[in-house]
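**Q** Those protein sequences? They're chains R and G, same order as listed. For the first sequence, position 77 (counting from the first letter as 1) is numbered 77 according to my numbering, and the numbering increases by one without interruption. To convert, count from 1 in the second sequence and add 1000; that's my numbering.
If you are wondering where the hints come from, they were derived from the structure by calculation, not from laboratory data. Glycine residues also receive a C-beta, built at the ideal position from the N, C-alpha and C atoms. Careful, some of the hints might be misleading.
Coverage of chain G stretches by chain R, computed from C-beta distances (three or more under 8 Å per stretch; other residues unrestricted) [said to hold, decoys possible]:
no.	region
1	1083-1090
2	1094-1102
3	1105-1117
Here are the simulated SDA-like pairs of lysine to any residue, each with C-alpha atoms no more than 25 Å apart in a straight line [as the list claims (entries may be wrong)]:
no.	chain 1	residue 1	chain 2	residue 2
4	G	K1134	R	I112
5	R	K182	R	V5
6	G	K1078	R	G132
7	G	K1078	R	Y9
8	G	K1096	R	K182
9	G	K1096	R	L44
10	G	K1242	G	H1198
11	G	K1082	G	A1203
12	G	K1242	G	R1188
13	G	K1082	G	P1113
14	G	K1134	R	L136
15	G	K1100	R	P114
16	G	K1078	R	F217
17	G	K1123	G	R1188
18	G	K1100	R	L208
19	G	K1068	R	R213
20	G	K1030	G	D1181
21	G	K1078	G	H1198
22	R	K7	R	G178
23	R	K7	R	G218
24	R	K22	R	L190
25	G	K1078	R	P127
26	G	K1096	R	F217
27	G	K1096	R	P137
28	G	K1100	R	F217
29	R	K174	R	L18
Chain G is nowhere near these chain R residues, computed Cβ spacing over 10 Å in every case [said to hold, decoys possible]:
no.	residue
30	L29
31	K78
32	L91
33	Q129
34	P145
35	K156
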Amino acid sequence: MDFAVMKAYLPRYWEALLLTLKIGWQGVLLALALGIACAVVVHLKIPVLRRIVGAYIALFRNTPLLVQLFFLYFALPKIGIRISAEVVGSLGLGLLGGAYMAETFRSGLENIAPIQTESAQSLGMNPVQVFGYVILPQAVTSSVPGLLANLIFLLKETSVFSTISLMDLMFTAKDLIGMYAKTIECLTLLVIFYLVMLLPVSILGSWLERRLRYAEFGN
Amino acid sequence: MENVLLSVRHLRKAFGEHAIFEDFNLDVHKGEVVVIIGPSGCGKSTLLRCLNGLEPIQGGEILLDGEKVLRDNTSITKMRQKIGMVFQSYELFPHKTILKNILLAPMKVQKRPRAEVEAEALKLLQKVGLADRKDDYPRQLSGGQKQRVAIVRALCMHPEILLLDEITAALDPEMVREVLDVVLSLARAGSTMVIVTHEMNFARAIADRILFIENGKVVEQSDNPKAFFAHPVTARARDFLKSFDYE
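Excised from the complex, chain R in its bound form:
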């Protein structure tokens, strides 16, 4: 393995990492927001909206991210909607992630026994208070492991961004291999950089999970 070459490639990988992280986090944040909103709609059985949410979840859970990105990036311009590659990346990831987060979060909401609601109600709480003070915090804690798994899954899915010409990690590796044919070096760096990106997320996630779950589950 040619370490000198690897060292020379480093700046390009760092750049790619930053771009991947930027688009990835935008997508993840969108996914979280969408997921919570959709789960609440489904949980509260809000008419009409829940049908729309159902259709959205079905559509995005059952099509690959690659296909979604292609649609947003190549099909939409044909009907006059032009979106930049970066925005398509975040949007696609956010829409896909939203569907997954919604399902995870919904299971968190359903995990809470209905009698907790009754207990809150008998203290005179109105529906908003019951949801905000009693149900939602418990649902968040109980869905944390699932949400974390989704988060890591989504950040890994960024590897398909290369197909819409975003210069993410995958793109950079393929590009360098194409130019200099240092396959083993480039792929090794690729593995290392994905680990650099995701290991801290995993570690931070477990720490956060322990903290959030302390109240209900102890250490």
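Place chain G on chain R using the hints.
**A** The following block gives chain G in isolation, referenced to the frame of chain R:
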């Protein structure tokens, strides 16, 4: 009689086709402790749940202080503040400490200042012997301790009446006593309570009036619990009480 606090008139409650109560009537007076006993599935818990609007009713009316308990949003939250309820399974909020469990509703629902509620909560916790556990989480407490906290939580709302739904049914025998002692002291202090229980000795000790219910009907009631337990009038009550005896 005067001073009727809670009044159930011609209550009809059904789950689909299956009627639990057809025409149930009950008056609870201020300061009175009404104990309801009866076989499982006779509607005891359902009755309590109707009283604070957790269950919709299909007919009749429930009045607290002459005011109708209606299940629409604004009125029911006001009514429920006057009706404390303690559940068999405690139902503390697992994500909050003991103190925060108690403070939540008085502060957020009744908008009372924290200092005042906290002082009251600590005093009550002291009384039930749990002041040192105020910063613990529910999972760190035993069943009997959790149930005492649940009682304190209900009391901090200053309810006019307390509904206790088989509050010792999930407890180990040695913990039953510590919970019942708390309830007994409440009764002595003049609290109005409707209690559903399977603890016959407790019922005998605490009841001002005892109701034996079966199939949604009052089979026998008595203002003299000692007499009722010693010499039930109806054959059905005799059979029921006999099932608690081991000779």
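**Q** Each hint should be assessed against the structure and marked as holding or not.
**A** Here is how each hint holds up against the structure:
1. As drawn, the region 1083-1090 of chain G meets chain R at 5 residues by the rule of a beta-carbon pair under 8 Å; at three or more, the given contact holds.
2. Counting residues of the region 1094-1102 of chain G whose beta carbon lies closer than 8 Å to any beta carbon of chain R gives 4, which meets the minimum of three for the stated coverage.
3. A stretch counts as covered by a chain when three or more of its residues have a beta carbon under 8 Å from one of that chain; for the region 1105-1117 of chain G and chain R the count is 4, and the coverage holds.
4. The straight-line distance between the Cα atoms of G/K1134 and R/I112 is roughly 24 Å, inside the 25 Å bound, and the hint therefore holds.
5. For the suggested pair R/K182 and R/V5, the alpha carbons sit about 8 Å apart, so the restraint of at most 25 Å is met.
6. For a cut-off of 25 Å, the pair hint linking G/K1078 to R/G132 stands: about 19 Å separates their Cα positions.
7. About 68 Å separates the Cα atoms of G/K1078 and R/Y9, which puts this hinted pair outside 25 Å; it is violated.
8. Taking the CA atoms of G/K1096 and R/K182, the gap is about 56 Å. The hint is violated against a cut of 25 Å.
9. A hinted pair counts as satisfied when its Cα atoms are at most 25 Å apart, and G/K1096 with R/L44 qualifies at roughly 24 Å.
10. Distance restraint check for G/K1242 and G/H1198: the Cα-Cα separation of roughly 13 Å lies within the 25 Å cut-off, and the hinted pair is therefore satisfied.
11. For the proposed pair G/K1082 and G/A1203, the alpha carbon gap of about 24 Å is at most 25 Å, so the pair holds.
12. A distance of roughly 29 Å separates the Cα atoms of G/K1242 and G/R1188; the hinted pair therefore is violated under the 25 Å criterion.
13. Distance hint between G/K1082 and G/P1113 is fulfilled; the C-alpha atoms sit about 19 Å from each other, no more than 25 Å.
14. At roughly 23 Å between alpha-carbon atoms, G/K1134 and R/L136 fall within 25 Å of each other, so this suggested pair holds.
15. Taken as a hint, the G/K1100 and R/P114 pair is honoured in the structure, with Cα atoms around 21 Å apart against an allowance of 25 Å.
16. About 34 Å separates the Cα atoms of G/K1078 and R/F217, which puts this hinted pair outside 25 Å; it is violated.
17. Straight-line distance between C-alpha atoms of G/K1123 and G/R1188 comes to about 18 Å, which keeps the hinted pair within the 25 Å bound.
18. Restraint check for G/K1100 and R/L208: satisfied, since their Cα atoms lie roughly 22 Å apart, inside the 25 Å limit.
19. A threshold of 25 Å between alpha carbons decides the hint, and for G/K1068 with R/R213 the separation of about 42 Å lies outside it, so the pair is violated.
20. Using a Cα cut-off of 25 Å, the hinted pair G/K1030 and G/D1181 holds, with the two alpha carbons roughly 21 Å apart.
21. Straight-line distance between C-alpha atoms of G/K1078 and G/H1198 comes to about 31 Å, which puts the hinted pair past the 25 Å bound.
22. Of the supplied pair hints, the one linking R/K7 and R/G178 holds, its CA atoms being roughly 18 Å apart against a limit of 25 Å.
23. Note on R/K7 and R/G218: the hinted pairing is violated, with a Cα-Cα distance of about 45 Å set against a maximum of 25 Å.
24. Pair hint R/K22 plus R/L190 holds up; C-alpha atoms about 17 Å apart against a cutoff of 25 Å.
25. Restraint check for G/K1078 and R/P127: the C-alpha separation of about 13 Å stays at or below 25 Å, so the hint holds.
26. This hinted pair checks out: G/K1096 and R/F217 have alpha carbons roughly 12 Å apart, not beyond 25 Å.
27. A distance of roughly 10 Å separates the Cα atoms of G/K1096 and R/P137; the hinted pair therefore holds under the 25 Å criterion.
28. With a CA separation close to 17 Å, the supplied pair G/K1100 and R/F217 stays within the 25 Å bound.
29. Pair hint R/K174 plus R/L18 holds up; C-alpha atoms about 17 Å apart against a cutoff of 25 Å.
30. Remark: the non-interface label on R/L29 is consistent with the geometry, its nearest Cβ contact in chain G lying 24 Å away (cut-off 10 Å).
31. For R/K78, the shortest C-beta to C-beta distance to chain G comes to about 49 Å, beyond the 10 Å cut-off, and the non-interface label holds.
32. The beta carbon of R/L91 is kept farther than 10 Å from every beta carbon of chain G, the shortest such distance being approximately 34 Å.
33. For R/Q129, the condition that its CB be more than 10 Å from all CB atoms of chain G is violated, with the nearest at approximately 6 Å.
34. Listed as a non-interface residue, R/P145 keeps its Cβ farther than 10 Å from every Cβ of chain G; the least gap is roughly 16 Å.
35. At roughly 31 Å, the least C-beta separation between R/K156 and chain G is larger than 10 Å, which holds for a residue marked as non-interface.
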